[in-house]
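K.L.:
In the order they appear, the protein sequences are chains A and B.
Quick note: the first sequence, position 82, residue 82 per this note's numbering, numbers continuous.
Quick note: the second sequence, position 140, residue 140 per this note's numbering, numbers continuous.
The hints are simulated quantities; they were obtained by calculation from the structure and are not laboratory data.
It is possible that part of the hints are untrue.
[To be verified] One side of the interface only, derived from the structure: several residues of chain A facing chain B at Cβ under 10 Å:
#1 Lys174
#2 Thr177
#3 Ala178
#4 Ala181
#5 Ala183
#6 Ala189
#7 Ala190
#8 Gly193
#9 Val196
As the structure is a computational prediction, the values presented were derived from the model and not from experiment.
A virtual CB, placed ideally from N, CA and C, is assigned to each residue, including glycine.
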Amino acid sequence: MEQWIQLTIDGITLGGVYACIALGYTLVYGVLRMINFAHGELFMMGAFAGVYTLQGFQDHTSLNEDLPSLTITAAIFMGIVVAVVLAVLMERIAYRPLRHAPRLAPLISAIGVSIFLRNVMLRYTNARREVYPDVFPDGSIEIGDVSVSYIKLFLIGMSILFMVGLYLFIQRTKTGTAIRAVAEDRDTAALMGIDVDRTIVLTFVAGAALAGATGVCYGMYVGNAAAGMGFIPGIKAFTAAVLGGIGSVPGAMLGGYFLGLSEAYTTKLFGAQYKDVVAFVLLVAVLIFRPWGFLGKREDRRA
Amino acid sequence: MTANGSDVSVIPHAAASSAHLEVEDVVSGYGQIMAIKGITLRVDTGEIVALIGANGAGKSTTLRTVSGLLRPRSGRITFEGQKLDSVAPHKIVARGISHVPEGRAIFSQLSVRENLEMGAFQRKDKGGIAEDMERVAVIFPRLRERMKQDGGTLSGGEQQMLAIGRALMARPRLLLLDEPSMGLSPVLVETIFNTIIDINRAGTTILLVEQNASMALQIASRGYVLESGTIAMEATAAELRASDRVRKTYLGES
Numbered sequence: 001m002e003q004w005i006q007l008t009i010d011g012i013t014l015g016g017v018y019a020c021i022a023l024g025y026t027l028v029y030g031v032l033r034m035i036n037f038a039h040g041e042l043f044m045m046g047a048f049a050g051v052y053t054l055q056g057f058q059d060h061t062s063l064n065e066d067l068p069s070l071t072i073t074a075a076i077f078m079g080i081v082v083a084v085v086l087a088v089l090m091e092r093i094a095y096r097p098l099r100h101a102p103r104l105a106p107l108i109s110a111i112g113v114s115i116f117l118r119n120v121m122l123r124y125t126n127a128r129r130e131v132y133p134d135v136f137p138d139g140s141i142e143i144g145d146v147s148v149s150y151i152k153l154f155l156i157g158m159s160i161l162f163m164v165g166l167y168l169f170i171q172r173t174k175t176g177t178a179i180r181a182v183a184e185d186r187d188t189a190a191l192m193g194i195d196v197d198r199t200i201v202l203t204f205v206a207g208a209a210l211a212g213a214t215g216v217c218y219g220m221y222v223g224n225a226a227a228g229m230g231f232i233p234g235i236k237a238f239t240a241a242v243l244g245g246i247g248s249v250p251g252a253m254l255g256g257y258f259l260g261l262s263e264a265y266t267t268k269l270f271g272a273q274y275k276d277v278v279a280f281v282l283l284v285a286v287l288i289f290r291p292w293g294f295l296g297k298r299e300d301r302r303a
Numbered sequence: 001m002t003a004n005g006s007d008v009s010v011i012p013h014a015a016a017s018s019a020h021l022e023v024e025d026v027v028s029g030y031g032q033i034m035a036i037k038g039i040t041l042r043v044d045t046g047e048i049v050a051l052i053g054a055n056g057a058g059k060s061t062t063l064r065t066v067s068g069l070l071r072p073r074s075g076r077i078t079f080e081g082q083k084l085d086s087v088a089p090h091k092i093v094a095r096g097i098s099h100v101p102e103g104r105a106i107f108s109q110l111s112v113r114e115n116l117e118m119g120a121f122q123r124k125d126k127g128g129i130a131e132d133m134e135r136v137a138v139i140f141p142r143l144r145e146r147m148k149q150d151g152g153t154l155s156g157g158e159q160q161m162l163a164i165g166r167a168l169m170a171r172p173r174l175l176l177l178d179e180p181s182m183g184l185s186p187v188l189v190e191t192i193f194n195t196i197i198d199i200n201r202a203g204t205t206i207l208l209v210e211q212n213a214s215m216a217l218q219i220a221s222r223g224y225v226l227e228s229g230t231i232a233m234e235a236t237a238a239e240l241r242a243s244d245r246v247r248k249t250y251l252g253e254s
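Isolated chain B (complex conformation) (with noise of 0.2 Å):
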């Protein structure tokens, strides 16, 4: 596996500003409904940095944000020094941000083969797309024996595979993951955690929203408590995963 991605970021930002996503007091949210109140926060480059919260925190309105799906009423969006805010959502994924929504989104009536063509849809280089083809299938060797099948006749651990696989194939300097653990089996959710790791440990920063916190908490370096649209706690993980606050609201112990 090369470490793609790596070589872009971690060296030449790294000397300008540490910071490799910076959001600024941040409102953003749909109509009239703001779902997120202002937050501010950082992710450096190399991190993993978990966003956990409640059902309706914000969690996904910040990466919807971010990836430029909706646009920010007020504040600023910096990736690697540059402005992010009011780019076009394929605009951004060309600048090296990658967002898997929730619930996956595959596109079911596309082939596996297309949903990973349909990631790398900005790149020319059919040599490198073949590479990361065949990347994806060794990190996920099941999506490579369904190659041709819809992606609807997948199960729902495949789905997530696949919209992480589909993701890479961009080659984010930036990936955006929104809920992978959803729906899916703790076995499959180790699985999933791990290659989320070995993903980082490649070069890919990664910015985390997760309501299984403790899993969240265990993989991430740095996170964010999200409560109705603000930044109720910022900390390292092994802080967080400390607090009483923490442990009581989202890890579920007494």
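Chain A with its partners taken away, still in its complex shape (with noise of 0.2 Å):
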């Protein structure tokens, strides 16, 4: 009993991040019709930014032990400037030329930045990993036989709190209203006098905000930040964000969650090495079976 509760909170962490990043994949879907498969780049930078940061700390202050609130504060900072900062550049650069372009133009693309980015990476770093300083306060809590570590519950928590964020950010605000305004339809947002070009390029800095806070998070319960990092998370956050309806924020949220738990209890039941071969054969199901997703719109009213 207590290892499937202990498989139930790792699959509530792992599918934390994956929601996380699926919300960015389904937001620039939403606006662009378009996967962004550099997205999970814009984590693995973040990562980088926060490592970086943290180190810098740790080079040169001691704020890292006497005040680690505030490192992880600016890490976490860090990281989502740099990947929005990042986002804002490929839409400018890599997507936005392309926007009448046939839909496979931009796909391929997005391809091209997210190999651009992890090999920029790779030679920066000569393939090696970014080890975290040590900042996060060892220990954990034990609820009967079941422990936690603190890092876990942090991962936990930040994921939620991100999640929450950006959901109320797209329902409450009048950005998010125009986001999912330019999400529905382009013209008449236009006709309402929205700027249809910056509301996009807002749906990409939202997503890459919470890309990057999420890589420095995910990076620090790690312990490191290499430049393959994104790539496994990002098709991973693809799949649940397809699993739980492309477009579909509360989906990419649920579709994170249930690939999360799916995963934890395939390495229990068929052993670890299943683990990523369960992802995709939910990803094939579900695109037979149910391409729209648990939450998505049956039909695509865009020609």
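Hints given; two lone chains; assemble the complex.
P.N.:
Written out as structure tokens, the structure reads:
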């Protein structure tokens, strides 16, 4: 029993990460009908921004020991800034010029951006991992026979916090409403006086902020940042977005947790080597039997 | 109800030119197909002008070109004396033109209130927006009851009310209406057209595209007949109603 609880906690931990990344896919898909395959690299770049920030504090100050809450906040902030700047640049350079091109063109461009960013970081780090300084307090809480480390609780909590923040932004703010309006009907949104190009950029920004912040928290959790670290979580999160229904914000969250839990239970039932298999089996199954996902819209009204 | 818009449009520009909107020799369309092939029309301040014609004559293309969704291939469009062609659509809204597109195009997944808020997207005056929200609710009481519902749950008539109400939220001085009668029962058409008259009396100039030519010519002061992308006739509404050609082709009389 304890083992299942433990697995559930692991699933929620990973699921929250998938969900946060999946939101970026789903938001961009909503406004552009395009899969930003470079989105996982924003997560990776966020993790690097975080590790370099914390290493900087480590080398020049004693703040990592004296005031870890400050340095962690600064690391998350830097992760957001770097991911957002990159997202704005990639939209401007790689996607906007292809706005009226056939749908395959921006997709290929996105894969190009992804390969580019990964290789820049491979080169910069000489393919080595950057180790996160040990800033987070060790230890865990025990509930009965189940023990949950503080860092795991932190990751679970932060991913929920990020998601709630994004959800409120999309649902309650004027800009969020404009994003939903552009997602539904770009021409009509323009007739409302909404600057569509600007709204698309803001959509990238929102998704990137989430990916960058999550990248830092995830990096702290696993203890390092590496050039290849965005690839698998990126593809898993894409799977989560499709599971939940691409374009649907609640769907991305649901899909993320569903996938995280599925993986955790698979580890127990079939062995850890099947963990990655299950994600793609689910993806294929959903694409065959329910291509619009759990919460997506059945029809695509845009021709 | 306040006659917003009117104070701006009626006085200062009337002196410079009586024309509110001028479309001169405009060619426009989609890709290689030019749906309008050099049309010239004028809407004066305070008027209701009807643009009638068959399906595919270029009526919607004309409106979409004025509101900036389509860029004219050639020709000139001026509004209140300022050039409008190749200005982005969201900036055209800021200049005082609102376009209610064909098929209403309300945001089905946004609530009625959110739809109205989007209509006022460029405005910062919270008090004024609240005032106008109330004004729209007075004009269309059925919307008031449905403020929290998703737009997609409304009936066709309610969606048309929402589309018009939403356009008014921008306080336009010129309102472009594309087929407001489409798919509505005769009673609802009557209601919508009465509202259009009220909106016009409150100071908003209107360019009305309609297949229902008889309704359009009842409320318009002047009209244009569009045929295959060119202006076939131009006259006062009364003259058009009396013309044999219009009666046979567009009013369904023999």
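K.L.:
Next, verify each hint and record whether it holds.
P.N.:
Hint by hint, here is what the structure shows:
no. : hint   : verdict
1   : Lys174 : holds (7 Å)
2   : Thr177 : holds (5 Å)
3   : Ala178 : holds (7 Å)
4   : Ala181 : holds (5 Å)
5   : Ala183 : holds (8 Å)
6   : Ala189 : holds (7 Å)
7   : Ala190 : holds (4 Å)
8   : Gly193 : holds (4 Å)
9   : Val196 : holds (7 Å)
In summary, the structure agrees with every hint in the numbered list given earlier.
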